[in-house]
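On the provided structure of chain H, position chain B as indicated by the hints.
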Amino acid sequence: MGKLVAVYIGLIALLAVAMFCALTIGPVSMTFAELWDAFTGQGTLASETILMDIRAPRMLLGIMVGGSLAISGACMQGLLRNPLADPGLIGITAGASLAVVFVIVLGATWIPLLPNALQAAVIPVAAFLGGMAVTFLVLGTARIGGQFSVARLILVGVAITAISGSMIGVLILMSNDQQLRELTFWTMGSLARSNWNTVTISCVIMVLSSLLLLRYRRELDIMQLGERAAFHAGVDVPRIKFQICALVAIAVGAGVSAAGPIGFVGLVAPHMTRLFIRASHLVVLPVSALVGANILLFADLFVRNAIPPSEIPIGIATSLLGGPFFLWLLLRNRRL
Amino acid sequence: MIEGTSIHLALGGKPILRGVSVHLHPGELVAVCGPNGAGKSTLLGALAGEHASCADAVRYDGRTVKSLTAQELSQRRVVLEQTPTLSAEFTLMELVELGVPIGIAPDHMAALTAPVLSTLGLGALADRYVSELSGGQRHKAHLARVLTQLHGNRQLGHDCHLFLDEPTASLDIGQQAKVLMATQDLARDGVGIFVVLHDLNLAAAYADRVILMREGQVMYSDAPAAVLTEARLSEAYDTPIMVEVASSGQTIIQPRL
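Listed in order, the protein sequences are those of chains H and B.
Residues 1 to 336, numbered by our numbering, are exactly what the first sequence covers, in order.
Residues 1001 to 1257, numbered by our numbering, are exactly what the second sequence covers, in order.
Just chain B, same shape as in the assembly:
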């Protein structure tokens, strides 16, 4: 379990997080939503252990981030950044293999990476250079690297959480659904998942819980149906927002025109 207790964080003298308290249980898919500049990605970074100034406020199974080495942290959580980069000319497979944790035997690497590539539909692209892939394929390649790290950690017996920052931003609607369904499957398999999402419809469809943030604070944290209401969203985004439930039971959220 991950717990952040009263996280305060200022960057460049400007307060970004103001006393945020959050938790993430194994098997739970939590979507973090809110307007631009609310502090969603910063919160994800703080929980991932990126900021020394709040390393005492975040605990993994009772141990503070400050007491964990980079290696120990990497066994407890994996992170996909909003805009992952790659400076070298690697093939997709070489990129994905960067996610293989230390401790996995070389002859087990293929057994680890093959299911991930297959789930994300990247198997046929394994030998292509990452620079030759489309933006969406590149993003999925980085997701495959991160999921390889996750599965490797679990094979080695570590309880590992998954942090995703806007994982669907560069994907088409079909790929968005596939990625979030794969994410949901992981949660059902016991992985705690923290995902920053701008698309409230996706949050409504896939999350177990939604954290709604604004100006560095958590406004609401509850089940999607309780948080994603017209009144709360309109308040958070300073814009009239309409929430409808279709006959299929699916929630549709859009600005009121």
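This is chain H alone, in the form it adopts within the complex:
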């Protein structure tokens, strides 16, 4: 228990540091006093604009995307009893991205005809539907004799990611200059487009879906016994699978709709959590969320400040971190 409290305190303290850095470090640096003045409405117009309109929504989006991707990854790993089941790795993120790119390129003619309120909803809905479609495609094809095969799950994910990548390539060829700029964002991920409108909508969805996912902690623990034993213990396995997959698709879709595809956080955060603590999902889910939020905020700090004034897409940074981690995981665990 003492170790767990220490882990929570450590991660919350680290997140506070990351938040402070996210708000103060950038092309225009701010001191704590300037930050406080801007926050209380006593700063300059420029500092208030930088803080409240640019950095604060970006920071909030980073926390939410990192947290919800981490919870989604932990839930998928628990549900499938498969340590490699990351929403990105099994193709959910690619499916969501493809749907968004599809809508941007082919929807250019009909989206402007929709009412304004609906126009704003098209991309998030497309991201969700794309993620959902891939989720059920993967779950349907990776099942052999009632059990999920690890190899098939990953291979189906690889195939879907490859197919999505090639289709996105075709759509890029069909796009005009303006769409092309937009597509860079949707294919590599970034927090740079954060504004209160998109952040509010996507964060509400991510918070709600993440909170709902937390409610499945007992079922996820029981699922560690295998699907048969979980059924014996009273878990309605097909229903639970559907509900968790739908919530993961919603959370990932909301994240993709606001920040584009950001890979590996859902894989890395739960594993880093389990390096510190071996415990039930009651602990693993919230701690993974804290780890994921920290990863994304620090990754965003890195991409914003590595080669100013340019900004590296954050998806590249998380892949740089996650790719080697994934390889290490494979080499460490010979059963995978």
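Just so you know, not all the hints are guaranteed correct.
[What the hints assert, rightly or not] Result set (DSS-like, lysine-lysine): computed pairs, CA atoms no more than 30 Å apart in a straight line:
{"no.": "1", "chain 1": "H", "residue 1": "Lys241", "chain 2": "B", "residue 2": "Lys1178"}
{"no.": "2", "chain 1": "B", "residue 1": "Lys1066", "chain 2": "H", "residue 2": "Lys241"}
{"no.": "3", "chain 1": "B", "residue 1": "Lys1014", "chain 2": "B", "residue 2": "Lys1066"}
[Unchecked claim] Restraint-style ranges between C-beta atoms, simulated for each label pair:
{"no.": "4", "chain 1": "H", "residue 1": "Gln42", "chain 2": "B", "residue 2": "Gly1103", "range": "47 to 57 Å"}
{"no.": "5", "chain 1": "B", "residue 1": "Gly1103", "chain 2": "H", "residue 2": "Val283", "range": "19 to 29 Å"}
{"no.": "6", "chain 1": "B", "residue 1": "Gly1012", "chain 2": "H", "residue 2": "Leu211", "range": "34 to 44 Å"}
{"no.": "7", "chain 1": "B", "residue 1": "Pro1106", "chain 2": "H", "residue 2": "Leu211", "range": "15 to 25 Å"}
{"no.": "8", "chain 1": "H", "residue 1": "Arg143", "chain 2": "B", "residue 2": "Glu1215", "range": "27 to 37 Å"}
{"no.": "9", "chain 1": "H", "residue 1": "Pro112", "chain 2": "B", "residue 2": "Asp1056", "range": "51 to 61 Å"}
{"no.": "10", "chain 1": "H", "residue 1": "Phe302", "chain 2": "B", "residue 2": "Asp1127", "range": "17 to 27 Å"}
{"no.": "11", "chain 1": "B", "residue 1": "Arg1128", "chain 2": "H", "residue 2": "Phe302", "range": "33 to 43 Å"}
{"no.": "12", "chain 1": "B", "residue 1": "Ala1010", "chain 2": "H", "residue 2": "Arg181", "range": "40 to 50 Å"}
{"no.": "13", "chain 1": "B", "residue 1": "Gly1012", "chain 2": "H", "residue 2": "Ala16", "range": "50 to 60 Å"}
{"no.": "14", "chain 1": "H", "residue 1": "Ala16", "chain 2": "B", "residue 2": "Asp1056", "range": "57 to 67 Å"}
{"no.": "15", "chain 1": "B", "residue 1": "Glu1215", "chain 2": "H", "residue 2": "Gly323", "range": "49 to 59 Å"}
Calculated from the structure, these hints are not laboratory results.
Glycine included, each C-beta is placed from N, C-alpha and C at the ideal position.
Coordinates of chain B only, in the frame set by chain H:
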């Protein structure tokens, strides 16, 4: 009471159960025996409600399995699989607590798990990680989880049956006796128990009734002394089998050399 009436089940196109009819009364310890591939574990799974295709053929107190939810079924029977698995790094106590049914207050959990751990001699291992236990200890840890579910259900007022698939397979002879004696005590306490056993000596010693299966059918279902005879066992196993009764009254069954 559990009733299976003319259960037919095919898996992968191959018929496994061919018109099996069985019943289990509260307080009865029934051993299911038979050669490999006879359909014993499949029958246990069918009675536990695992197979939708025969969910109409199995009834719990008159209600078909089809009409019961997974939650309702889990209140009426608990199941220990032949090879239980665990994918997460849980302590023995965390594993056992997975068996606590919904409805038991958190402050009553310790009172529920402590007697089970004590009966199975696992009390001292409660804080150890399951992955660090021996094969036999792991199997007993899963048995403790299942018994916790059973006792929890009974505390909540549900008549609950116990299904065990080869519960003694990975245990030494002393542990086998302890586990089956604990099982027998539960039967005396009114729990209906369905146990798949390969060891015919254990079936003879502990069961109230033996079901002898072969090729997906029930050959005999009667008291152990009536079923476990040389002629019937030799017929079921296609091997000459010797049955002797020792001076202590214990039945000893072994292949005739």
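Here is what the structure says about each hint:
1. Lys241/H / Lys1178/B: Judged against 30 Å, a Cα distance of about 38 Å means the pair is violated.
2. Lys1066/B / Lys241/H: holds (20 Å)
3. Lys1014/B / Lys1066/B: Satisfied, since the Cα-Cα distance of roughly 23 Å is no more than 30 Å.
4. Gln42/H / Gly1103/B: 47 to 57 Å: holds (56 Å)
5. Gly1103/B / Val283/H: 19 to 29 Å: Holds, since glycine 1103/B and valine 283/H (Cβ atoms, about 23 Å apart) stay within the stated range.
6. Gly1012/B / Leu211/H: 34 to 44 Å: holds (42 Å)
7. Pro1106/B / Leu211/H: 15 to 25 Å: Since the Cβ atoms of proline 1106/B and leucine 211/H sit about 21 Å apart, the hinted range of 15 to 25 Å holds.
8. Arg143/H / Glu1215/B: 27 to 37 Å: holds (30 Å)
9. Pro112/H / Asp1056/B: 51 to 61 Å: Check passed, 56 Å falls within 51 to 61 Å.
10. Phe302/H / Asp1127/B: 17 to 27 Å: Given about 41 Å between the Cβ atoms, the range is violated.
11. Arg1128/B / Phe302/H: 33 to 43 Å: About 41 Å separates the Cβ atoms of arginine 1128/B and phenylalanine 302/H, which means 33 to 43 Å holds.
12. Ala1010/B / Arg181/H: 40 to 50 Å: violated (59 Å)
13. Gly1012/B / Ala16/H: 50 to 60 Å: holds (57 Å)
14. Ala16/H / Asp1056/B: 57 to 67 Å: Because 59 Å falls inside the window, the suggested range holds.
15. Glu1215/B / Gly323/H: 49 to 59 Å: holds (54 Å)
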